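Number of protein chains: 4
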Amino acid sequence: MSDGALDYGNYLKVDEIISLQELVSEQHGKPAHIEMLYIVVHQVYELWFKEILHELGSVIEMFDGEYVNEKNIGEAVKRLKRITAIQSLLVEQIKVLETMTPLEFLDFRKYLGTASGFQSYQFRILENRLGLKPEERIPYAQKSYLQELSGKRLELVKESENQTSMFEAIAAWLERTPFLELSNFKFVEAYRAAANQMLDAESSALDSMHDLPQSAKTFQQEAIDSSRKGFAAFLDFAEHERLVSTGQRRLSFKATMAALFINVYRDEPILQLPFQLLETLVEIDENFTIWRSRHAVMVHRMLGRKVGTGQSSGYDYLKRTVDKYRVFTDLFNISTFLIPRSELPRLPEDLKIELGFHYSATKSGS
Amino acid sequence: MSDGALDYGNYLKVDEIISLQELVSEQHGKPAHIEMLYIVVHQVYELWFKEILHELGSVIEMFDGEYVNEKNIGEAVKRLKRITAIQSLLVEQIKVLETMTPLEFLDFRKYLGTASGFQSYQFRILENRLGLKPEERIPYAQKSYLQELSGKRLELVKESENQTSMFEAIAAWLERTPFLELSNFKFVEAYRAAANQMLDAESSALDSMHDLPQSAKTFQQEAIDSSRKGFAAFLDFAEHERLVSTGQRRLSFKATMAALFINVYRDEPILQLPFQLLETLVEIDENFTIWRSRHAVMVHRMLGRKVGTGQSSGYDYLKRTVDKYRVFTDLFNISTFLIPRSELPRLPEDLKIELGFHYSATKSGS
Amino acid sequence: MSDGALDYGNYLKVDEIISLQELVSEQHGKPAHIEMLYIVVHQVYELWFKEILHELGSVIEMFDGEYVNEKNIGEAVKRLKRITAIQSLLVEQIKVLETMTPLEFLDFRKYLGTASGFQSYQFRILENRLGLKPEERIPYAQKSYLQELSGKRLELVKESENQTSMFEAIAAWLERTPFLELSNFKFVEAYRAAANQMLDAESSALDSMHDLPQSAKTFQQEAIDSSRKGFAAFLDFAEHERLVSTGQRRLSFKATMAALFINVYRDEPILQLPFQLLETLVEIDENFTIWRSRHAVMVHRMLGRKVGTGQSSGYDYLKRTVDKYRVFTDLFNISTFLIPRSELPRLPEDLKIELGFHYSATKSGS
Amino acid sequence: MSDGALDYGNYLKVDEIISLQELVSEQHGKPAHIEMLYIVVHQVYELWFKEILHELGSVIEMFDGEYVNEKNIGEAVKRLKRITAIQSLLVEQIKVLETMTPLEFLDFRKYLGTASGFQSYQFRILENRLGLKPEERIPYAQKSYLQELSGKRLELVKESENQTSMFEAIAAWLERTPFLELSNFKFVEAYRAAANQMLDAESSALDSMHDLPQSAKTFQQEAIDSSRKGFAAFLDFAEHERLVSTGQRRLSFKATMAALFINVYRDEPILQLPFQLLETLVEIDENFTIWRSRHAVMVHRMLGRKVGTGQSSGYDYLKRTVDKYRVFTDLFNISTFLIPRSELPRLPEDLKIELGFHYSATKSGS
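Chains as they are written, first to last, in the numbering used here: chain A, 3 to 368; chain B, 3 to 368; chain C, 3 to 368; chain D, 3 to 368.
Do not rely on the hints blindly, as some may be mistaken.
As the list makes no split between identical chains, a pair holds if one copy fits it or if it spans any two.
Said to hold, decoys possible - Listed next, the in silico SDA-like pairs over lysine to any residue satisfying Cα-Cα at most 20 Å (straight line):
#: 1; residue 1: Lys32; residue 2: Glu224
#: 2; residue 1: Lys354; residue 2: Ala174
#: 3; residue 1: Lys112; residue 2: His30
#: 4; residue 1: Lys354; residue 2: Glu77
#: 5; residue 1: Lys231; residue 2: Tyr69
#: 6; residue 1: Lys112; residue 2: Ile336
#: 7; residue 1: Lys326; residue 2: Glu285
#: 8; residue 1: Lys15; residue 2: Ser152
#: 9; residue 1: Lys219; residue 2: Pro33
#: 10; residue 1: Lys145; residue 2: Gln216
#: 11; residue 1: Lys97; residue 2: Arg294
#: 12; residue 1: Lys97; residue 2: Thr282
#: 13; residue 1: Lys321; residue 2: Asn289
#: 14; residue 1: Lys321; residue 2: Thr291
#: 15; residue 1: Lys354; residue 2: Phe189
#: 16; residue 1: Lys97; residue 2: Trp293
To be clear, the hints were calculated from the coordinates, so they are not data collected in a lab. Keep in mind the model is a prediction, meaning the values are calculated, not measured.
Build the full structure now, drawing on both the sequences and the hints.
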């Protein structure tokens, strides 16, 4: 109220924000009512992308370095969960854009020229910072994803290719986990033994089912054998390295085992938040999968399979990115190799104390 | 592709949009990570408010005049439904802001000074355009809602006080409805008779329940009597005028009866979309009620009941506006006076044809 | 209050409902806390399936016959929209089930034996009643979808294969549409001419762009040519029949043209609700697509790619059904062949009156 | 696998579940299509209530006793978060019920007699187990909430009045917190000093604003004074006891201070999950507040203000319960008395180690 008083409008730059909607259909003298919605929806997306980048960047920073302060893990989970909350909005928001019918879209689409959602450079940066590698991208119309960008935007996207990604930061943090060989407890060996024991038990149970027709027995025995091979490969260092070298895995063997350890002993106090962390990263991946999939469907609804010269349509292209652009697939796939809690190797008592709080440790030690 | 090519970033003014987040905590040399979220959330709100105003204004225009083109009603419903879709996002979005904890808010709150959500002039305009009357507003700290505004913003808000509101446009449209006395069918009289018949039947049913204790009988008879008085008042022109003059009703008697007619005969072809229209207006009102209520709760969570010098807290103020700021209360209240379909007065055949499509009318006439 | 008084608990059979959760893990003496969630979530799904079948069946009935009462179309839209509201819940509900971690699932999964979500016979009936044809189903482990069912359930599913489906009822209704050749207005011819005119204009515009490099010109001319071929095929009776005979289209030529007519002239009063009807059917299809896709992801999260003897995993199977099990694809694809409103053939005045309400028709005639 | 094989339908008792919908309108020979929705929606609610009770009961059990295993806190948070996920569905589900119009409700409402949502005994138990005290309930029509119940249901509700509630279990757990006086750090004193220091600083800042008009100065000084009184009362044992004795507070002084401690030092490793726990309890409270509020609005939409004999209407009654039935108000109100992190008393180093993990403590100690 006095001179430099900050008011809501000035602080939030409301006048500026709401003056940035210029309808191209109006400039062509054929104002299309619906174009405002199109612009606003996309601008809102860009604001959310900025916020997601703000959160993601800050979490990467927390994990980027030799030492991660335990106090930060809770905060990192909170920020990653904030990203998932925003992603829910991104998905919900598609419903708003879908209130535009294909016919309405045609009212101004011709004026858009080459403008296309593929060009959101913030989203490209976001993908890079999560950990999507340039070589994993699917080219659209034989073009690099960088080709539609220029100037400062191109620079920023290229820069993000070289920054530490969330994937890399987490991978490094997992590799540093000290728990895999604490207290003479060899986790990988113990887990391998437990898995085999479980499969052996399933085999003998099958043997003793005398009423079961032979065909069914064979069928089920094959399933057990296939499972055994799967576990053996999953828990084998050399095989893992091979899969990494052919691009079928991305996380190193050690990091994968650390993630498995956190998954199966997640109830131990020191692992509860790390588990939430891994879970939330998978959730972020999944949410973008959902968003991409919904986005592809919406593009289809708007444009059908309209294409250019023998190219695949926008819809078909988008569909292909849905699963391909996941980043934390290795974390996601761990569930294939979980074994029931009742079969898990038991942690030695001294390791359990290591995984507990100082306070309760001293108390229980007194 | 050529020089002036429109690309996504230029079209949507992305660079401009994402450069409008200036953290006041940074300016004070104490950057608060969370402030970005606060700014982005509010800027997104303002973008949606602009879009809602765009839709609402266009619908008011359709209805503002002597003649409403029937072709427009479907489009009006669509645009109003678009508003409800956006409102769902506004409510969902609160969940994102709630990922900020009270403690985090305190990290930058002191720098905000007098800046407050009460000052969104777009939202004030929105309330006015819906039909909230200045005299119905609850003063905060004894101040007019205009006092916190100045310059062009103040001007725009004041201007909106004088523009035709959605309420007024719909009220006028309802008053013009020709159906209340078409074909010698006097709707109000017929409805009054049907309501009385229904209540008479309830009374006799009660009389014949010989097992019912006298106290229960008295109780239920009182309920029927109270209902009868309610119907009599609702369907009486003079009583309605009295309620209008004391501010208990806002819609005129004729408009109210037209809305009742549309509600009860909504299956007739010509009334199906008008019914959707009324329903959607009530839904918009309800959604803002939900939003205000959620917003009040969030303010409480952030600030508790912090107050200034004997004033009511922001929370208590916001709570009071929740129900008070409804606009289409009279439409909402119609449900009190609906009677079961089996008891409704039957429409005369010729009126039914009037309410049908030309095509089927001619076909059935041939 | 008196003897046979209906109270909430009796009416809703609450005691019965909440006594139907029998934890198989408890029966095995190893109670798994999480199993309750699993049972409740699936029972809730079954209740919603029953409700969806109730709505869907009633709408099919409205459309199954020679004559559809216009008064019913609004109600049909309402019921179909109710289905979409329930589908939103079905999707949201996955989030609740996802609060179960893979490790928790393993606590009781082994006791489930062959029990699997593939066996919901209500959902199979639902698919059939929507219009999924048995021959379109993807066999799982070389087995018919009927193989896992028996007794009364099998009978009901088989019966539903022979009942009129929503697809068939709508297809027949579209074919009966009288508007395609009313008043000497030949819609298909007019639309073909309009499409060609639009493409001609695009071609000449391209010719006159003297600055455009030849390669870009060729590229764009090819796109126009491809589009022209597409339109020609879409609007050609013989080509359509061919596509129907090879299974690439399901809706007849006449029904497709009727759907196109409704799409492009949806603002005409008599077409507003039919347009909502078609739109809602596509939405139902899309919502099940979303649900299947989310469901597949959740199965992956729970089970990873666990498989039986060389079979594809449940996840891979479910993924394949996502797009394949759409029913109203032909309606969904119409957007590929929409042309801007400014280029649409204009309706003759007398046809416009035919498409209007009786009331306004007589009024404007007076 | 053998004969008695468990299949999906048998396991989930699907046939039983979907045979429990008996339309009372059908029994009266006037089948109302919409009644199915009404029954299904309420039965789904009851299934969710059962699941919520299952989760809530298990968490109370974890906290009910002298010693809470730290390993359980993460699991408790997970289960309480599951409840919030279900609550989101409960709220969303109202949208489905709202697709029933008031007129449709009237098609079968008369057959319901006295059946009313007030009678869900599971929900009454849920309220009791959360910690709503019988004496805090608002009587409806001068009747105890127990009066509408009988038999086993009445018994169960009464029993739940005497079981340990979530509120009591958490209150006791907070009271046992050892951290308030560890290592000679007197938290309450330190916090009081910090609050005063903050308010002193605000006062001097105000003094030095020479340009500010006297009226504004007085206004702001009064606000600071009021705040100071608030803090003094909040941090004073005797005053707190007084507020407890008059029913204005429910949580004891010690428990309140423990909750404050957890709130302000929530980044310390050992406090991260306890903080999530308190936050989730407040969220559960808030979600039921939202649900009650939405439910009241829906009842209004359906029935308007229909009343019996001078009683308040169902709507007015429900509205009153919305805020009154909160349980964790004292936790919710803590935000009123938070001070910025920059002003918080610093924890002594040895206490910080106490609040850390054993592993990092030993590591940092080496």
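Hint by hint, here is what the structure shows:
no.	hint	result
1	Lys32 <-> Glu224	neither (67 Å within a copy, 28 Å between copies)
2	Lys354 <-> Ala174	neither (24 Å within a copy, 27 Å between copies)
3	Lys112 <-> His30	within (11 Å within a copy, 47 Å between copies)
4	Lys354 <-> Glu77	between (25 Å within a copy, 17 Å between copies)
5	Lys231 <-> Tyr69	neither (37 Å within a copy, 44 Å between copies)
6	Lys112 <-> Ile336	between (47 Å within a copy, 19 Å between copies)
7	Lys326 <-> Glu285	within (16 Å within a copy, 26 Å between copies)
8	Lys15 <-> Ser152	between (28 Å within a copy, 15 Å between copies)
9	Lys219 <-> Pro33	neither (70 Å within a copy, 28 Å between copies)
10	Lys145 <-> Gln216	between (55 Å within a copy, 18 Å between copies)
11	Lys97 <-> Arg294	both (14 Å within a copy, 18 Å between copies)
12	Lys97 <-> Thr282	between (24 Å within a copy, 13 Å between copies)
13	Lys321 <-> Asn289	both (15 Å within a copy, 17 Å between copies)
14	Lys321 <-> Thr291	both (10 Å within a copy, 13 Å between copies)
15	Lys354 <-> Phe189	within (13 Å within a copy, 31 Å between copies)
16	Lys97 <-> Trp293	both (11 Å within a copy, 15 Å between copies)
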